[in-house]
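If you're matching them up, the sequences are chains F, Y, D, C, E and P in order. According to the numbering used here, the first sequence holds residues 1 to 260 in order. According to the numbering used here, the second sequence holds residues 1001 to 1260 in order. According to the numbering used here, the third sequence holds residues 2001 to 2260 in order. According to the numbering used here, the fourth sequence holds residues 3001 to 3260 in order. According to the numbering used here, the fifth sequence holds residues 4001 to 4260 in order. According to the numbering used here, the sixth sequence holds residues 5001 to 5260 in order.
By construction, these hints were calculated from the structure, which means they are not laboratory data. We put the CB at the ideal spot given by N, CA and C, even for glycine. Possibly wrong hints are sitting among the right ones.
Stated by the list, open to error - Computed beta-carbon distance windows for the label pairs: (1) D:Asp2134 x C:Pro3212: 18 to 26 Å; (2) D:Asp2002 x Y:Asp1166: 46 to 54 Å; (3) E:Ala4240 x C:Arg3056: 48 to 56 Å.
Protein chains: 6
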Amino acid sequence: MDSVFLAEIPWPEAERRIAAGAPVFLPLGATEQHGHHMALGVDVVIPTAIAERAARAVGGLVAPTVPYGNRSQPRTGGGPAFAGTLNLTAHTFALIVRDIICELYRQKAHKIVVINGHYENIAPSVEGIELALDHLGRDRVGDLTILRMDHWDLVQPQTIDRIFPDGYPGIELEHASVIETSLMMALRPELVDLSKALHDGPAQFKPYDRYPRPMEEVPPSGVLSMTEGSSAEKGEWLLADCHERIVEIIHVEFGKGKTR
Amino acid sequence: MDSVFLAEIPWPEAERRIAAGAPVFLPLGATEQHGHHMALGVDVVIPTAIAERAARAVGGLVAPTVPYGNRSQPRTGGGPAFAGTLNLTAHTFALIVRDIICELYRQKAHKIVVINGHYENIAPSVEGIELALDHLGRDRVGDLTILRMDHWDLVQPQTIDRIFPDGYPGIELEHASVIETSLMMALRPELVDLSKALHDGPAQFKPYDRYPRPMEEVPPSGVLSMTEGSSAEKGEWLLADCHERIVEIIHVEFGKGKTR
Amino acid sequence: MDSVFLAEIPWPEAERRIAAGAPVFLPLGATEQHGHHMALGVDVVIPTAIAERAARAVGGLVAPTVPYGNRSQPRTGGGPAFAGTLNLTAHTFALIVRDIICELYRQKAHKIVVINGHYENIAPSVEGIELALDHLGRDRVGDLTILRMDHWDLVQPQTIDRIFPDGYPGIELEHASVIETSLMMALRPELVDLSKALHDGPAQFKPYDRYPRPMEEVPPSGVLSMTEGSSAEKGEWLLADCHERIVEIIHVEFGKGKTR
Amino acid sequence: MDSVFLAEIPWPEAERRIAAGAPVFLPLGATEQHGHHMALGVDVVIPTAIAERAARAVGGLVAPTVPYGNRSQPRTGGGPAFAGTLNLTAHTFALIVRDIICELYRQKAHKIVVINGHYENIAPSVEGIELALDHLGRDRVGDLTILRMDHWDLVQPQTIDRIFPDGYPGIELEHASVIETSLMMALRPELVDLSKALHDGPAQFKPYDRYPRPMEEVPPSGVLSMTEGSSAEKGEWLLADCHERIVEIIHVEFGKGKTR
Amino acid sequence: MDSVFLAEIPWPEAERRIAAGAPVFLPLGATEQHGHHMALGVDVVIPTAIAERAARAVGGLVAPTVPYGNRSQPRTGGGPAFAGTLNLTAHTFALIVRDIICELYRQKAHKIVVINGHYENIAPSVEGIELALDHLGRDRVGDLTILRMDHWDLVQPQTIDRIFPDGYPGIELEHASVIETSLMMALRPELVDLSKALHDGPAQFKPYDRYPRPMEEVPPSGVLSMTEGSSAEKGEWLLADCHERIVEIIHVEFGKGKTR
Amino acid sequence: MDSVFLAEIPWPEAERRIAAGAPVFLPLGATEQHGHHMALGVDVVIPTAIAERAARAVGGLVAPTVPYGNRSQPRTGGGPAFAGTLNLTAHTFALIVRDIICELYRQKAHKIVVINGHYENIAPSVEGIELALDHLGRDRVGDLTILRMDHWDLVQPQTIDRIFPDGYPGIELEHASVIETSLMMALRPELVDLSKALHDGPAQFKPYDRYPRPMEEVPPSGVLSMTEGSSAEKGEWLLADCHERIVEIIHVEFGKGKTR
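Please construct the entire structure, taking both the sequences and the accompanying hints into account.
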């Protein structure tokens, strides 16, 4: 029971590590279409893996990944029309984050690192943290620090340049595309089958949303940009970037050295 | 990608199976203390495993397990005082169930089986289903059937008698005790270390709840009853009972034969 | 105006008694079918009467009974299909309990005893208390004690044995059956007409819930178990048990002697 | 079991009367200070009694009175500073009304008469009805009629003139004053003790509200206007007016004759 | 940038004035029909103008007017059947007021004056303030004062007598009638066209509400009382009354002299 | 009363135009710091002006601008630390949008164009629209089209290149910077005073959020990027781009020609 996953250790061990100052990582995922070539769990796998590696390096703990995310939107995730995309409302999602943050604080875990892996979770994860602070009382939580990060923001610009020599389409369009595909090839290659990729992108979105009619601009495959050029090697570059950056951030924010 | 887990298949495969009539299992778990001898993820492991086996047998799919449960209470789960017990409020939990049921229905998954593994989830999972029906409109969902079951209710009385020759303490007190320990020994033995069990139970609860002072009646270990006599073999008896019963229920409720 | 009911005394008298340390009882009821032989108000009558007797004995006050309860479910109360069963959602019910607890606390009533009379109220009454504590701030209510009890849990095992010489079906199935019928015969005999009882039970429930189709396992009368053997005398045994136990609990938790 | 109170009849009788077209009355009350000379339950007693008489006359049913009301305000009810005033938030109160209306509709009670007895309930009872209509779907409830009335609006101007020969202070100031005191003397004289009245009114309110400091303009007794001149006879005049008016309204809105 | 409107000054100027003790006015409006002869924005124009004048006189600031109000009701505003009446639910409206009050407090604006211009906003603006106090903690906001006023309550009785020599119909019926029309003629004459007035009032309302059928008692024009006799001069009388009263209230409540 | 603003026309005119097919524009703003050199109302002014011009061109109507926005965040708007930034919670903001959309639909305005002017409103405006569709029933609103656009997305790439010859910092950093400053110089020059600009940017943000400690990376002025090079002329380029694009979008989505 030497795991960094909270789910895999008994409570006295959790208590010991929290008392020793272990940062607690909270990965936020989603169950969402990621093209014909990848499984629906991509947004769970990636932030969980990033959190696991980081927790190992800094003596942290990883709370269970929230496996359902805020509503997928056509311009950033393909939207709800794809089978298997199971959305929560923003309010539900924010309440989950609020409740977990409050519980972690109550249990004296005062170094919290939220690692998000789903674009549409950005806003409601911010809201969930703000609601937790409202709930706990901002003037009464002086010793609490919550860091919230989206894994794609942790990648160095030069890595992006190496991966996209012809130009980066931007993270919104990167859904189920080279970044996520490469990360999955590095982490869970059995959940990727590039031979199934349709290559029907990139999406040419209009600069607005339309409801309730579906956006016909979403490529039929659900891949918003492209999958060509994805590789496990590129996935390792991305993971290395994320990892180095997180470890550096933890040291800057929470003090140097492993806490365990 | 032959998995029964929705998270491990791409969306076209999810679409195909749902169209073919696959029942979708939704396991409901929790992150909660289970004594010194078991990991915090017990309530996630058990209903997920039961759902996986059942889905394999009947051609079903398993949606991601909800890994956070409704507030643990002293008399049924030890309560919030134990490190690592991360509770959701009942309203948040019910909204999660509501949202997922609505999404499954919208995606034409009209045979839904909710498998619960955490005592305090019973009431808010009922509420979540009721809220979903309110939301969808009870008069407009004629083709929807939702079955909700708590795994301990699926065990045959004679199996309980075999496991508890000296009398069954009742499911409320069975927290982290022989049933859950045996199931975990069968499913994930590496998450059980019986040598760590404190044997400080069984709890002698008063017939009422007291707030906000903690209930000193909870045994220090968090085990409400006892762990003695737990074994992987008994875990297999319990799993076999659950499995047979679920398969039978699926056939009765949704028609005969595997759907895949 | 010597009543123990808050509704029957003027505010200065309420103020005086609260200042003198009177525990405040909050009965939680429901408006729900109780068979052909009993009125819809059974779950209001019983906890109100128990609270009244207890308040008289210990110098307490009785706040108005909440007359609408959380959703009746088929396996424990017959469910919503019976005329006159008027359900609240769990969220509404929990908010009522939260609001009243907060108001009592604000008014310096810091000894609160919640007496529940409806099975489906158990979980949302717990939630309402927890929400009140969240709202008030658990670290700021050191002098507050809330006791929450379900009246059937206060009965001694030997009394149950006396009433059910052939074995106790369990409280879930006891809906509108011997316990409630006997209590009503003792308390409000004019609301009971045993000659109308259908004797179509006991219910043979499957070990799971099914939505939205009604559970055809519910006996047509709405009585889940049986009414035979009910008597006012047994009702008095039950009331006496409840009464003794509550008085004892009040003395243990709040100190001995009448407070008035 | 010939009662008009839903709580006092069994479900088959409720079913029979609803099927026969019985209007269902829903009284809305409060637990609120009403001076030194009246009990805290005034706002429950009055609308319940009015509903009972009306139901007897028109073959209706009376659902349980909601005994907790929306927050008392200083300028209309004295405010929360008085012991025993137990307020609900407006949202909770509106949800109660919403839930009950929805349940009545679901049970085919499509003639609903809401009788309000507490000033601050006006707005949230409107909101509760509106929320119920939003919930049920306004275009799908063609056969539903909900009437909402505040009992003081049912009194004839000439009766007001008879009771207040020196001028009517207006309903906001009539809290715990001549109207309510007279009604209580007619209905529940044992809950009135005019010798305890302080005669410290009428309140001279400023034309605005101030928060959170208490309004020192509220007379210490809690009586906003005056009690002098209250009598059971005047109470009977008021009850007679209400009664005639309601019966007339029922006939106009729901058709002539008793429905039973 | 010498404006009193928060929207028209930069943040350092807002900071300076708040630090100097400027009261902050929060006008509450609505978008609601006001007859054939007036624009839909009447309830925004009037409280904004009153707040502006008052803020100029006392060195205050005016926060942006909330331009959407709580649900219009037939008996007080004509109801939702008129085009352009855009209602918020009471809960949404109360949350807006709660959020803004909390933000003003957080920003050290502790003298807050809520000026309401829409009848149906009364109750939910009270609720919004109460929710803010619940949220902030009543025992922690000793230096906060919130005044809440409805502009029509600030008019002197003698002015009402001058304007209505034949008797005042009461504020509920004054919707889109002489008071509001005169105020608009004084403030924004280009938004009034008396030649379009239908003169189909006054409304003869029954003493109860009916849902969901529309109230046919509402005059077709939407004017509940009458417009005859409206004039800019009378509007100035009303504005002068409001102004003098508010300035006096500010001096009484917050100390004398301009704060700027 | 020839205005396009709903607030400036009477209800019969609103009814006429909606019946004639007028699209209704709903501008979404905020009250938020925009540096030393601009007023707090920038996010209200810009989308209102864009909507006004568009409505004039296409025969549309403009509903009142929502003047309070979702919580400002440090990395995109400077955050809550600046005086005058008055935030709503995401839930409140989404409910406002939900309610208004539902009301417009109910009033037969089935061509709705939401024009957003505040970065943090993006997600909750999406959520508000989704909640409205959930509320109305997606299968029952076939004739409803809602377009949602953020004004900065309507600018042509070549215009961005003209304005930012040295490279575009991206919309997140453009807060209170060249785009917004130029737009305000074109629209409301009296609310801009470039001489007050501090030139302390651009912000060098870390790639994550930190709570609750303030982000010291926010430049003291609140300007996230830079103001140099702002001009009314550039503002006109931006407005022209937005205008052309919106008119084109309206024609594509709602059919050609002015509707009035």
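Against the structure, the hints come out as follows:
1. D:Asp2134 x C:Pro3212: 18 to 26 Å: For D:Asp2134 and C:Pro3212 the Cβ distance comes to about 21 Å; the hint holds.
2. D:Asp2002 x Y:Asp1166: 46 to 54 Å: holds (53 Å)
3. E:Ala4240 x C:Arg3056: 48 to 56 Å: holds (55 Å)
In terms of the numbered hints stated before, the structure departs from none.
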